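Trainee: Generate coordinates for the entire structure from the input sequences, incorporating the hints supplied.
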Amino acid sequence: MTTETTYLKYKAYVKRKTVFVIIITVLLLVFMITGLLFGSVKISLSDIISVLTGNGEKTYIQIIINIRLPRVLSAVLAGAALSVAGAAMQSILRNPLGSPFTLGISNAAAFGAAFAIIILGAGDTHSSVADSVILNNPYLVTVSAFAWSLVSTGIILFMAKYKSATPEVMILTGIVAGSLFAAGTTALQFFADDVELSSIVFWTFGDLGRASWRDFWFLLVVIIPSTIYFIKNRWNYNTLNTGDETAKSLGVNVEKVRTRGMIIASLSTAFAVSFFGIIAFVGLVVPHIVRRFIGGDERFLIPASVLFGAMFLLFSDTIARTIISPIVLPVGILTSFLGAPLFIYLLLKGMKRR
Amino acid sequence: MKISINNLNFSYNGSFALKDINEHIETGEFTAFVGPNGSGKSTLLKCIDRILIPSKGEILFNDQNIKYYKREKIAKIIAYVPQNEGNIYPVTVFDAVLIGRKPYVNWAPSKNDFDKTAEVIEKLDLGDISLNEINKLSGGQRQRVYIARALAQEPKVLLLDEPTANLDLRHQLEVLELLQVLSENGITIIIAIHDLNMAIKFCSKFVMINEGEIFATGGKEIITSGNIEQLYGVKVKIIKEDGEMIIIPLNNKHKKISLAI
Chain A
1 MTTETTYLKY
11 KAYVKRKTVF
21 VIIITVLLLV
31 FMITGLLFGS
41 VKISLSDIIS
51 VLTGNGEKTY
61 IQIIINIRLP
71 RVLSAVLAGA
81 ALSVAGAAMQ
91 SILRNPLGSP
101 FTLGISNAAA
111 FGAAFAIIIL
121 GAGDTHSSVA
131 DSVILNNPYL
141 VTVSAFAWSL
151 VSTGIILFMA
161 KYKSATPEVM
171 ILTGIVAGSL
181 FAAGTTALQF
191 FADDVELSSI
201 VFWTFGDLGR
211 ASWRDFWFLL
221 VVIIPSTIYF
231 IKNRWNYNTL
241 NTGDETAKSL
251 GVNVEKVRTR
261 GMIIASLSTA
271 FAVSFFGIIA
281 FVGLVVPHIV
291 RRFIGGDERF
301 LIPASVLFGA
311 MFLLFSDTIA
321 RTIISPIVLP
331 VGILTSFLGA
341 PLFIYLLLKG
351 MKRR
Chain B
1 MKISINNLNF
11 SYNGSFALKD
21 INEHIETGEF
31 TAFVGPNGSG
41 KSTLLKCIDR
51 ILIPSKGEIL
61 FNDQNIKYYK
71 REKIAKIIAY
81 VPQNEGNIYP
91 VTVFDAVLIG
101 RKPYVNWAPS
111 KNDFDKTAEV
121 IEKLDLGDIS
131 LNEINKLSGG
141 QRQRVYIARA
151 LAQEPKVLLL
161 DEPTANLDLR
171 HQLEVLELLQ
181 VLSENGITII
191 IAIHDLNMAI
201 KFCSKFVMIN
211 EGEIFATGGK
221 EIITSGNIEQ
231 LYGVKVKIIK
241 EDGEMIIIPL
251 NNKHKKISLA
261 I
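Those sequence lines, one after another, are chains A and B. The first sequence begins at 1 in the numbering used here and counts up one residue at a time. The second sequence begins at 1 in the numbering used here and counts up one residue at a time.
In case anyone wonders, no lab produced these hints; they're calculated from the structure. Bear in mind the structure is a predicted one, so any value in this text is a computation, not a measurement. No residue lacks a Cβ here, since even glycine has one placed at the ideal position from N, Cα and C. Take these hints with a grain of salt, some might be off.
DSS-like, lysine-lysine: derived pairs with alpha carbons at most 30 Å apart [stated by the list, open to error]:
1. Lys161/A to Lys73/B
2. Lys67/B to Lys256/A
3. Lys67/B to Lys15/A
So the derived list for chain B, only partly shown, Cβ under 7 Å to chain A, looks like this [claimed, not checked]:
4. Ile99
5. Pro103
6. Glu119
7. Asp125
8. Gly127
9. Ile239
10. Gly243
11. Ile247
Covered stretches of chain A, as calculated for chain B (at least 3 residues, CB under 8 Å) [said to hold, decoys possible]:
12. 34-41
13. 51-61
14. 84-96
15. 242-248
16. 329-338
Mentor: Structural data, given as structure tokens:
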């Protein structure tokens with residue numbers, strides 16, 4: 001075999017990964033259109049096109065522009081944020097268990113929400129027209145959830161920076177911090193009244209129904225730069241896959257890459273979780289599913305996780321909105337229902353191949 | 001590239017792991033660091049590559065102190081293959097070797113990076129398995145991949161920690177023969193190795209390390225039964241077969257482990 005043949009063989013192999021990325025991009029666009037099409041009010045594709053081009057009926061404009069479009073776009077951003085953060089955490093910590101949930105960030109956010117509802121008095125609820133519970137002061141809940149998820153991140157980073165913790169210790173710290181916050185939430189629930197309790201439970205259901213344009217812009221401002229950061233660092237993460245010593249020998253400042261990556265992954269996760277509640281599974285499983293298709297090369301894994309995560313959450317949300325319409329299920333339930341069997345199937349398939 | 005180590009000290013939590021190391025290694029020399037477990041062989045290798053930062057002393061590369069070099073610059077001069085390296089996530093042989101181009105890549109690898117990778121893969125006879133997943137290869141093949149990755153860095157100095165550990169006899173010979181060829185091509189090679197017979201067969205220089213200090217240094221003449229007994233606490237007999245030295249351990253001077261059944 002010649003050098004040229006080896007290179008051409010590799011080029012053909014890489015092309016397959018590019019095709020995978022193109023396919024999920026196309027699927028994402030299809031699901032975005034589907035997300036706009038489906039809902040309790042039937043709107044045709046031509047009506048959607050006329051709304052998006054600035055014409056269309058007033059009712060349709062209201063439904064598409066103010067309800068469905070922010071929801072679809074927020075699903076795309078939240079799915080992308082959670083997945084890319086999971087992919088980055090798994091690479092940075094060299095541990096397949098790395099995810100916003102295992103690192104305690106989701107539990108910390110839930111505690112923050114409970115804290116705002118009970119201690120800060122954001123807990124009054126009332127039934128809306130759609131018969132769902134609405135928080136009296138959702139922004140206070142979001143800010144509190146965000147602040148507490150930063151506390152969880154801070155604990156992990158403190159261990160990493162000042163106690164020179166290994167990735168294993170960081171994961172264990174995350175699990176322990178997560179348990180601590182879960183216990184805190186349970187304690188708050190114990191002292192809560194009926195209304196507050198229902199508010200907490202409602203918040204912890206990951207739900208994209210809360211998405212507004214303001215949430216979308218907030219998310220966009222955080223998620224786009226963080227995704228670019230991860231894509232820029234894909235080579236550093238590839239070297240971390242070989243081990244810390246090899247990475248250092250290849251010129252990578254391992255401690256800096258690890259600390260900065262963790263801060264940014266935690267920040268984008270904290271944003272998504274504090275806006276929409278706990279959307280389990282996406283951050284942990286999407287990178288693993290993507291790896292099954294295209295392997296562990298971060299040059300493809302990171303962008304593919306962004307797209308697949310966006311597609312996965314959007315698909316789950318569309319199902320959640322339509323499966324027992326007019327009742328809208330929280331998307332957090334669907335992500336686990338869809339993701340777990342898919343992941344188990346892929347694991348079994350992988351085992352057979354071995 | 002010649003390496004000078006002057007008065008090097010390294011300590012873990014206040015206790016010395018390396019003490020007053022002075023050594024000089026010539027360009028293209030194939031050097032073996034030998035000594036008992038925990039003697040400081042691996043630590044010295046890591047200090048040379050500045051994976052560990054020495055607490056005192058200096059390392060000169062062609063008379064220039066590498067302390068003032070940026071990490072990226074060091075990566076273009078020295079390549080290091082650690083013991084027990086392993087990928088957590090699946091990558092192909094080609095991707096694993098391509099990583100060696102990291103010091104040269106800014107945003108994305110160039111055609112030159114791909115060509116260099118393919119060239120090293122071919123040189124090390126990995127062409128047929130270039131798209132195989134690295135974690136599914138045999139120990140010998142995997143070690144060759146790691147050496148290929150190190151060579152993709154285009155280093156002047158190659159450091160390897162126990163490159164033959166966990167390899168069968170044939171693969172041990174393959175790896176050491178390859179390193180010998182590289183040293184003949186002007187790459188300075190330093191390995192930490194336990195197998196003294198293999199070290200004698202291939203290496204031209206030996207640095208005996210004990211408890212963080214250099215115990216003896218030189219060519220094959222320092223491999224004596226007396227030095228080995230002092231270093232390892234094991235009596236050995238050295239015989240010559242077809243002009244080659246062979247070390248045969250005789251008995252263990254230390255107390256034997258007794259298992260009461």
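Trainee: List in ascending order the numbers of the hints, as given earlier, that are violated by the structure.
Mentor: 3, 7, 9, 10, 11, 12, 13 and 16
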